[in-house]
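Novice: Chains as they are written, first to last, in our numbering: chain A, 1 to 252; chain B, 1001 to 1520.
Honestly, I wouldn't trust all of these hints.
Claimed, not checked - To give a feel for the contact side, a few chain A residues facing chain B, derived at Cβ under 8 Å:
#	residue
1	Val148
2	Ser166
3	Leu167
4	Arg187
5	Asn221
6	Leu223
As the list claims (entries may be wrong) - Sample of chain B residues lacking proximity to chain A, with all beta carbon distances greater than 10 Å (derived):
#	residue
7	Ala1045
8	Ala1188
9	Pro1398
10	Ala1448
11	Ala1480
12	Gly1486
What the hints assert, rightly or not - Label pairs and their calculated CB-CB ranges:
#	chain 1	residue 1	chain 2	residue 2	range
13	A	Gln209	B	Ala1045	33 to 43 Å
14	A	Asp120	B	Pro1262	42 to 52 Å
15	B	Ala1340	A	Gly240	33 to 43 Å
16	B	Gly1295	A	Asp109	19 to 29 Å
Note that these hints are calculated values from the structure, not bench results. Where is the CB? At the ideal position from N, CA and C, for every residue including glycine.
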Amino acid sequence: MAAMTARQAPGVDRTPRRDPGPTAAEEARIVDPRAVRVGVAAPSGRAGGEAIVIEPPEVPLAPAPHVVGTGILGGISAESIALAEAPDDDDGIAIVDGTAVRARLERLDDVHGVLTVLGDAGPVRTPVLLLPLERHAGPSSGVVRREVVVDGWQVEVEIESERRASLRERARRGREETAHGGPTHVRAIIPGRIVSVSVVPGDPVEAGQQLLVVEAMKMQNELRAPRDGVVSSVSVGVGGTIEVGDLLLVLE
Amino acid sequence: MAARRAAPPFRRVLIANRGEIALRIIRACRELGMEAVAVYSDADASAMHVRLADRAVHIGPSPAIDSYLSIDRVVKAALSTGCDAIHPGYGFLAERSAFARAVEAAGLVFVGPPSGSIQALGDKLQARGFARRAGVPVVPGTLEPARVDRPDEVASIVAQANEIGYPLLVKAAAGGGGRGMRRVAAPADLPAALAAGSREAADAFGDGAVYLEREIIPARHIEVQLLGATGGRVIAIGERDCSIQRRHQKLVEEAPAPGLAPDERRQLHVLAVRVASAAGLVNAATAEFLRAPDGSFYFLEVNTRLQVEHGVTELVSGLDIVREQFWLAAGRALSAEAIAASERAVEPAGHAIEVRIAAEDPSRAFTPTPGIVRRWAMPSGPGVRVDTATAQGDRVPPDYDNLVAKIMVHAGDRPAAIGRLRRALDETEIAGIQTTLPFHRFVARHPAFLEGELSTGWVGDWWDGPAELARATGPALLAAGLDALGHGLATSPVAAASMPPAEGGWPGAGRASGTDRWRP
């Protein structure tokens, strides 16, 4: 199946290296200031928001040796390639999580693109749809949200400058060390109508216990507690209409 | 035949539905020279069925219970616009005998079986009794409603359940589309399943009666399209395999059912006609059966309406079933075309497959995903039929069924139809909402599907939604990242937020030379 090869392309499926924090080697490596971090947007209701870091090829001070084949280019420069002297078929290299990957995105118009990744079995072309998303994390946050469709899957992604993302992360780690175990805000992951609410503020709940029932498109969906805790507030009532992201209740 | 063209079966028809099926029926009206009157709720004020009808009547707010499910408002709309017939489509009021009765009482023609047949066959428990008396095997289970409201009856329900054996299904007597249905694996889960099933059935159908049925697994779900004329003649137009389901709702349907020998096919058609004849079926209906691994057929139920998946039978038989419905409702005998189609039904030529594109996330157990459709391009070309009422920019409302398109393909044989399906799905573009499209792409390439290995457990046996999503996530992140690099996101985040159309992959990359340069 041709589609399978696309999915095994190098650097695409690799386990990201975000946690448990950068290793000494990675710390030592200087990330290109143009690098971007791309992850699955958090409130999409799906698990697995693993981010990747993509850098353009490094720009060398001197001409680099001719690059043969593909794969990890290590410290040497994929680079001159992006400069004028490179043979035509050597462009299209990006550094994904520190590894050189032969991949190129060709935009056909403002929606359509073709991602080409050169894997062991040759180039794999994947048609993609790229759409802007109006919901930003905030106008000045530097996070751009986009919707990318691959093989019919709608993936909401967040794109951020890697420099900014690592600063933000460092700040978050600092905060977490001072405050831990805060309240859990349970939010709607589907829009619909509240059919029943099984808890009131003050109720102790166990992980997996039914909290409320949401009806969407004729199906009744039971919402269960994500963890043990005590209900501190309930923001919705029976018959109410909810949208994705609406606060339903808070667990302490 | 010239007389037919001169006078259509009705002058003006009200379509008591929305979405793609309302369009399907409006189209049949137009082709027959009849005027079509649409009804709509607040959510559907600018819906396609409203735009395509000759007239449209607003019947209430968005919740179906106050609009499309309001018998009173629908009948009034028909009377106030001078209609002489009402076509119910599927879902909503289509199988409510009270609705058919109200239509008949208002002096209008109900395009479907008469209210008596709907009552007799639409109640799953009564239908099971019918089949038993007609000598058609039924799925083992109860024949009386379970008294979920009576705590003192619990012991007797549990005893019946033990006799049937686990796993079993709690099913709604008034049911359809899997609503009110619950699977019970062990006795301890039975009381909760009865309560939940009954509650959902009461909400969906206004009738909380539920019964028990043994779960036959693995089984294939095969159904027979039937037409009946006043006077008692019932014919089978062919069968459909609808085994690939989630939550007991169909996702993929095909005609004919793969792997049936002509004798088995004939036997199945005979069983279906026997049940329907016993119940005095008129107009169109479908008899559903399970096929056990040993090849035996068990009657499940009769749906006294046009089915969502009627199109695959139309493609294979060449018959326009909605058109036939109108003529039958007008009191005509079965048409020569219908009779010819039924004679071909045992050895059909060609193969048709339908996939239901629904607003659901197949990586999250097919959870509903209503929202705004931001990109919408449907396939076309030889042998492709798309029934949809969705367009780019539309909002898929959370109030109704989440079917957004039916993509059907038709070809000379099953392998050719599957190839055509793969091609059609490759052409399909949807953004803004997650749909079942990736699931169908998976099915169309899966060896078990290619081999015709079909079962109602197919989704559970083969589909790993999160894993399939993960395979697409890598390329999606890579594409988004490469696009952002090309726009200098990191150096100018605010400007990048507007994301103008790209000029190339990234600076310096020669895009103009095309994508095949890496090919040997």
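Novice: The structure should be examined with respect to each hint, and the outcome stated for every one.
Specialist: To see whether the hints hold, each was checked on the structure:
Satisfaction of the interface hint for A:Val148 is found here, the shortest Cβ-Cβ separation to chain B being roughly 4 Å, below the 8 Å cut-off. Checking A:Ser166 against chain B by beta carbon gives a least distance of about 12 Å; that is not within 8 Å, so the hint is violated. At its closest, the beta carbon of A:Leu167 sits 12 Å from a beta carbon of chain B; the interface hint therefore is violated under the 8 Å criterion. Interface restraint check: A:Arg187 against chain B, minimum CB-CB distance 15 Å, threshold 8 Å, status violated.
Satisfaction of the interface hint for A:Asn221 is found here, the shortest Cβ-Cβ separation to chain B being roughly 7 Å, below the 8 Å cut-off. With 8 Å as the threshold, the beta carbon of A:Leu223 stays out of range of chain B, its nearest partner Cβ sitting at about 11 Å, so the hint is violated. With a minimum CB-CB distance of about 18 Å to chain A, B:Ala1045 clears the 10 Å threshold, and the non-interface call stands. The Cβ of B:Ala1188 sits about 16 Å from the closest Cβ of chain A, beyond the 10 Å cut-off, so the non-interface label holds.
Residue-level check failed: B:Pro1398 sits 5 Å from the nearest beta carbon of chain A, not beyond 10 Å. Non-interface call for B:Ala1448 relative to chain A: holds, since the shortest CB-CB distance, roughly 13 Å, exceeds 10 Å. With a cut of 10 Å on Cβ distances, B:Ala1480 falls inside the contact zone with chain A, its closest approach being about 4 Å. Listed as a non-interface residue, B:Gly1486 fails to keep its Cβ farther than 10 Å from every Cβ of chain A; the least gap is roughly 7 Å.
A hinted range of 33 to 43 Å holds for the C-beta pair A:Gln209 and B:Ala1045, which are about 41 Å apart. Evaluation of the 42 to 52 Å hint for A:Asp120 and B:Pro1262 yields a pass: the beta carbon distance comes to about 48 Å. A beta carbon spacing of about 55 Å between B:Ala1340 and A:Gly240 contradicts the range 33 to 43 Å that was offered as a hint. Hint check: B:Gly1295 to A:Asp109, Cβ distance near 53 Å, so the stated range 19 to 29 Å is violated.
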